[in-house]
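Using the sequences and the hints, build the whole thing.
Quick note: the sequence shown uses the working numbering, first residue 6, plus one each step.
Everything labelled a hint here was simulated from the structure, so no lab data went into it.
Model, not experiment: these values are computed from the prediction.
Idealized CB from N, CA, C, for every residue including glycine.
Hints are not guaranteed to be accurate.
To be verified - Listed next, the in silico EDC-like pairs over lysine to aspartate or glutamate satisfying Cα-Cα at most 20 angstroms (straight line): (1) Lys136 with Glu106; (2) Lys136 with Glu125; (3) Lys136 with Glu41; (4) Lys91 with Asp47; (5) Lys91 with Asp67; (6) Lys248 with Glu206; (7) Lys248 with Glu34; (8) Lys136 with Asp47; (9) Lys248 with Asp152.
As the list claims (entries may be wrong) - Pair by pair, the computed Cβ-Cβ distance ranges are: (10) Asn242 with Val188: 14 to 20 angstroms; (11) Glu123 with Ala227: 33 to 39 angstroms; (12) Ser107 with Ala234: 49 to 55 angstroms; (13) Ser97 with Gln224: 30 to 36 angstroms; (14) Arg153 with Gly233: 14 to 20 angstroms; (15) Glu41 with Glu239: 35 to 41 angstroms; (16) Gly42 with Arg164: 21 to 27 angstroms; (17) Glu168 with Ala234: 20 to 26 angstroms; (18) Arg164 with Arg205: 15 to 21 angstroms; (19) Gly138 with Lys91: 47 to 53 angstroms; (20) Arg164 with Gln190: 27 to 33 angstroms.
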Amino acid sequence: MATRNDSPTARFTDRAVVYARSRPTYPDESVDAVLEGLGSPDTLRGADLGAGTGIFSRLLADRGVSVVAMEPNADMRETGLSVGEKLISWASGTAEQTGLESDEFDLVTVAQAFHWFEPEPALQEIGRILKPGGRVALIWNVHDRSDRVTTVYRETILRHATEPPRSPSFYSSAPRPLIGASVFQDARLLSFPNQQSLDREGFIARATSASYFPMEEPQRGAAVSELGAFWDSESENGALTLKYETEVHLAELGA
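Given below as structure tokens:
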């Protein structure tokens with residue numbers, strides 16, 4: 006059945022606030038890896054495509070990078086704008102047609118979003134806006150399926166999903182779209198442990214922020230009830246921890 010969520014750019018409409026509040030961030034080591042060897046961060050210009058509410062954009066800005074956060078969904082963009090980070094400017098283009106100047110950026114990042122893009126046009130556009138020798142970084146938080154709590158959480162939301170998730174979060178490893186992309190060189194993958202400790206409200210919010218989580222009753226209520234019961238039975242000291250591997254896919258544009 007078609008819904009407004011069939012469009013990748015509209016999937017997170019009405020979920021932006023809960024998304025900003027409940028999605029995991031990324032470990033410092035992953036940001037170090039993205040920036041390593043590029044020079045002083047305060048000299049760098051970065052474009053964060055599919056920026057969502059600006060979770061990764063802010064990590065770059067915190068290091069001193071001047072960031073264009075590009076997000077086509079107005080709700081997500083406005084939620085990100087409300088933070089008011091001075092080193093971040095917001096734009097509404099798509100990854101396939103950014104409207105940004107050619108050869109303009111030292112770094113292009115895509116955090117938890119590349120699976121919504123049309124891969125070939127997006128990679129071509131990334132290559133166009135990067136300076137020669139500039140870096141692309143694709144980042145995903147992938148569920149650690151060796152962790153029992155994370156696995157039960159994953160299985161619970163899969164049972165209630167309105168469609169199969171596209172996110173590589175649900176698989177043992179993210180795809181590697183930079184391998185074989187002729188415009189880029191030295192494609193490589195780095196991985197860093199990550200985790201997210203959540204109270205009961207945050208645990209349920211983390212699930213409801215997903216585009217495939219049911220919004221209609223009674224499906225939504227059933228999913229929330231099952232997640233709440235799991236948190237009640239498994240939490241310790243008022244928290245439950247989800248574990249991830251943060252995968253960082255890096256490559257450089259040919260000079």
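Structure-based check of each hint:
1. Lys136 with Glu106: holds, 10 angstroms
2. Lys136 with Glu125: holds, 19 angstroms
3. Lys136 with Glu41: holds, 16 angstroms
4. Lys91 with Asp47: At roughly 13 angstroms apart (the allowed maximum being 20 angstroms), Asp47 and Lys91 satisfy the hint.
5. Lys91 with Asp67: Holds, because 10 angstroms separates the two Cα atoms, which is no more than 20 angstroms.
6. Lys248 with Glu206: holds, 18 angstroms
7. Lys248 with Glu34: Between Lys248 and Glu34 the Cα gap is close to 16 angstroms, so the pair holds against 20 angstroms.
8. Lys136 with Asp47: Holds - the C-alpha atoms of Asp47 and Lys136 are around 17 angstroms apart, at most 20 angstroms.
9. Lys248 with Asp152: holds, 7 angstroms
10. Asn242 with Val188: 14 to 20 angstroms: violated, 49 angstroms
11. Glu123 with Ala227: 33 to 39 angstroms: At roughly 34 angstroms between Cβ atoms, Ala227 and Glu123 fall inside 33 to 39 angstroms, so the hint holds.
12. Ser107 with Ala234: 49 to 55 angstroms: Hint holds: Cβ distance 53 angstroms, inside 49 to 55 angstroms.
13. Ser97 with Gln224: 30 to 36 angstroms: Holds: the Cβ-Cβ distance is about 32 angstroms, inside 30 to 36 angstroms.
14. Arg153 with Gly233: 14 to 20 angstroms: holds, 18 angstroms
15. Glu41 with Glu239: 35 to 41 angstroms: holds, 37 angstroms
16. Gly42 with Arg164: 21 to 27 angstroms: violated, 44 angstroms
17. Glu168 with Ala234: 20 to 26 angstroms: holds, 24 angstroms
18. Arg164 with Arg205: 15 to 21 angstroms: holds, 20 angstroms
19. Gly138 with Lys91: 47 to 53 angstroms: violated, 28 angstroms
20. Arg164 with Gln190: 27 to 33 angstroms: At 42 angstroms between Cβs, range violated.
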